[in-house]
Amino acid sequence: MTGLSLDANGCPSGLAPPSGDAASDPSAFVRKVGKQSRLSLTVRGAKCGGCLSRIEGAVGELPGIETARLNLSSGRLDVAWSGNLDPRRIAEAVSTLGYGVAPLDTASDDDAHKKEERSLLLAMGVAGFATANIMLLSVSVWGGHGEMGEATRQGLHALSGVIALPTLLYAGRPFFASAWNVLKKRRTNMDVPISLALILAFSVSVAETIRGGEHAYFDAACMLLFFLLIGRFLDARVRRRAWSAARDLAALASRTVTRLSADGTPQSVRSEEIRPGDRILLAPGERAVVDMVIEQGESEVDESLVTGESLPRWSGAGMKLMAGAINLSQPLTGRATAAAADSLLSEISQMLSAGEQKRSTYRQIADKAVSLYVPLVHSTALLTFLGWWLIGGLGLRESILIAVSTLIITCPCALALAAPVVQVVAAGRLFKGGAYLKSGDALERIAACDHIIFDKTGTLTLGTPRFVSTGIPADLLNDAAQLARASRHPLSRALTAAAGAGPLAKDVKEHPGLGLEGEVNGAPCRLGSAEWTGAVAGGHSGASLFFARGDEAPVELRFEDDIQGDASGVIGKLSAMGMTMEIVSGDRAEAVSDVAQKLGITQWTAGAKPQDKVRRLEELQGAGRKVLMIGDGLNDAGALALAHASAAPGGALDVSQSASDAVYSGGLAPLPRLVKTARTAKAVMLQNFGFAAAYNLVAVPIAILGHATPLVAAIAMSGSSLVVCLNALRINLNTEKQA
Amino acid sequence: MSGLLFLIPIALFMGGLGLVAFLWAVRSGQFDDPDGAAQRILISPDQPLPDRKTAQE
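Note that the protein sequences, when read in sequence, are chains A and B.
First residue of the first sequence? That's -9 in the numbering used here, and the numbers climb one at a time after it.
First residue of the second sequence? That's -17 in the numbering used here, and the numbers climb one at a time after it.
Since the hints were derived computationally from the structure, they do not count as laboratory data.
Mixed in with the good hints, there may be bad ones.
Stated by the list, open to error - Have a look at the derived ranges for each label pair, beta carbon to beta carbon:
1) A:Arg387 x B:Val2: 37 to 45 Å
2) A:Ala141 x B:Met(-4): 24 to 32 Å
3) A:Ser565 x B:Val2: 51 to 59 Å
Idealized CB from N, CA, C, for every residue including glycine.
Based on the provided sequences and hints, a complete structural model is requested.
Structure below.
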């Protein structure tokens, strides 16, 4: 609908190009660097090498283009050119290939997330290098046990220490910084025991090396750091992906608007520059970005994403137009009644932030585990030290050594990897299946849901009507189509699609709100509403058009908004998973009941306003249900944000996509897989935490009893991390079989 | 045992080379677009063979 769907729209391996919005004018986003002009665009739907070469090729052929480079991972297209090329042609070159495209505001794009990810990757590389090399030395020490001379051992330990020191200083910073920050606020997190273990292990090892002792823990410290950084890096990557999706959506929302200056010349400006009272031109096919009052022109307006009403509405001078509505037939000029930031969107964004606040209080399994884990680890290590020192009668040095090895071995390698690895595997798995996950904790929330609320238009149904009348003579249909070809009205399009290609009638005039008029084969014809053609409306529950040819009696042409092809199968699968379902739609009661009946959903509500949707949601949540909300419109956005978890189809409005936890494409089919994978992922995460706990039950007594030599610590740590990773990979196997 | 005196520095040096290469690769943005990089090697536009006569001249 908006041309920003995650479908394989323009991808050669995918479906037909989207029909949606015309590419917006990016001129306001061009940056001048010397003689060069630069522009960044986000491109939606590019997925493979074919897309890459087609897009770069098409843009590169424009005159004056110097570089055009598309980042396939993030969908960012950087273009640089010299001369006076109209930047609109760049956007058009991409959008005519069938990809969604929008200007990217690079001022807000100096992404801290990317820097964080990169510094974690560097730290990971350094820690990996140090671990490998120290392990090489350690293996010689372990292997040479009993044979190696003391001086050689001391030398190898010293060498390990020389490698370990810069590594800890460099790669340990993320943990030290975070631990210091929370300690200043007199709280703790997982980084506190990590930092403590690293520092203690290093200092004890230095002391032992100087003393010429048998064991040094440099290898354990570096390995610990390496494994923890892997977890941290994966976590950062999930978050950056989610964040870059949000940024793309924001970029698509920061559309440009055509403003008319005092003398009537149109000028393209950013939507945030629109002030109340500005005159705006809304071309056919364009989406209104601000609320406005129409001053001139009459047109049909598609408000399906705002209100859920599936048929267009006639709009003329003096009528209000909400942000999000699409102008279908004639150009409209109007006056903005509010800035983009506080239009109808503001009311909805209030609902969004209310929902987000509620969600931020949700605690992930990992958080809960850590809050239990940290005090436990600390007190165990402390008790071990005190026990050996005061009761066991060991010297201070031995007691500290045992306590430190306890701290190292209990340190949460497996725990740190448990959740991120699962999230990355599950998100990758879902992405292949057509669903895009926006945050890691979404998995846990989706897994908990037991009730689904569907919006109707565009979610359960295709959102585009289809011609369904039978027994209409072919010549009549062809004549009607000659009129219909002149209009962008969805019913006209459906009629044209049914009749196929053909000529256009003579002198076609569109009368917004009524219908079309023109001459076919010398006979005056009318296509439109019942009153326009002089007919009596029939009892059809869907939409209908009437066609009157010459003096013949008007014929009713019936249309229906088709249910998504796979809807009933999907609903069957979901209810087999123990989900209950209902429909809450803003559309007319007949349309909703019809769909509900066909799909076998007994509970439905029609004519629901955004507030009604939110109220219904609160009612259900008050009754202890966990609701998964699925919707695509502006009217669903509040409910999407408030629901326990939510998903939006790829064709949904930007706001709805950014309010939901997952975006899916290609019909409803990805939904059962989404639920299934989320549940499997949650189970695997719990198993991983269970395993981490079980590992500690075995390892801690060994450490407390003083048997945890560096060799044991190394085996235990790498072994436990490996098990957790392998377990996470099981998600792929599980869902492969069942979905 | 004296072999260690040579072998350990050599091992460290070679490991260090790998690390430097990795740091360079990350800093120069080679991990920014792994998907695109994987596809780019497959893209080579068809070009006519160079004309031998003109090449010799």
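Status of the given 37 to 45 Å range, CB of B:Val2 versus CB of A:Arg387: 39 Å Cβ-Cβ, so the 37 to 45 Å window holds.
Verdict for A:Ser565, B:Val2 (Cβ pair) under range 51 to 59 Å: For A:Ser565 and B:Val2 the Cβ distance comes to about 58 Å; the hint holds.
Cβ distance range 24 to 32 Å for A:Ala141 and B:Met(-4), holds or violated: Holds: the Cβ-Cβ distance is about 26 Å, inside 24 to 32 Å.
Checked against the numbered hints above, the structure breaks none of them.
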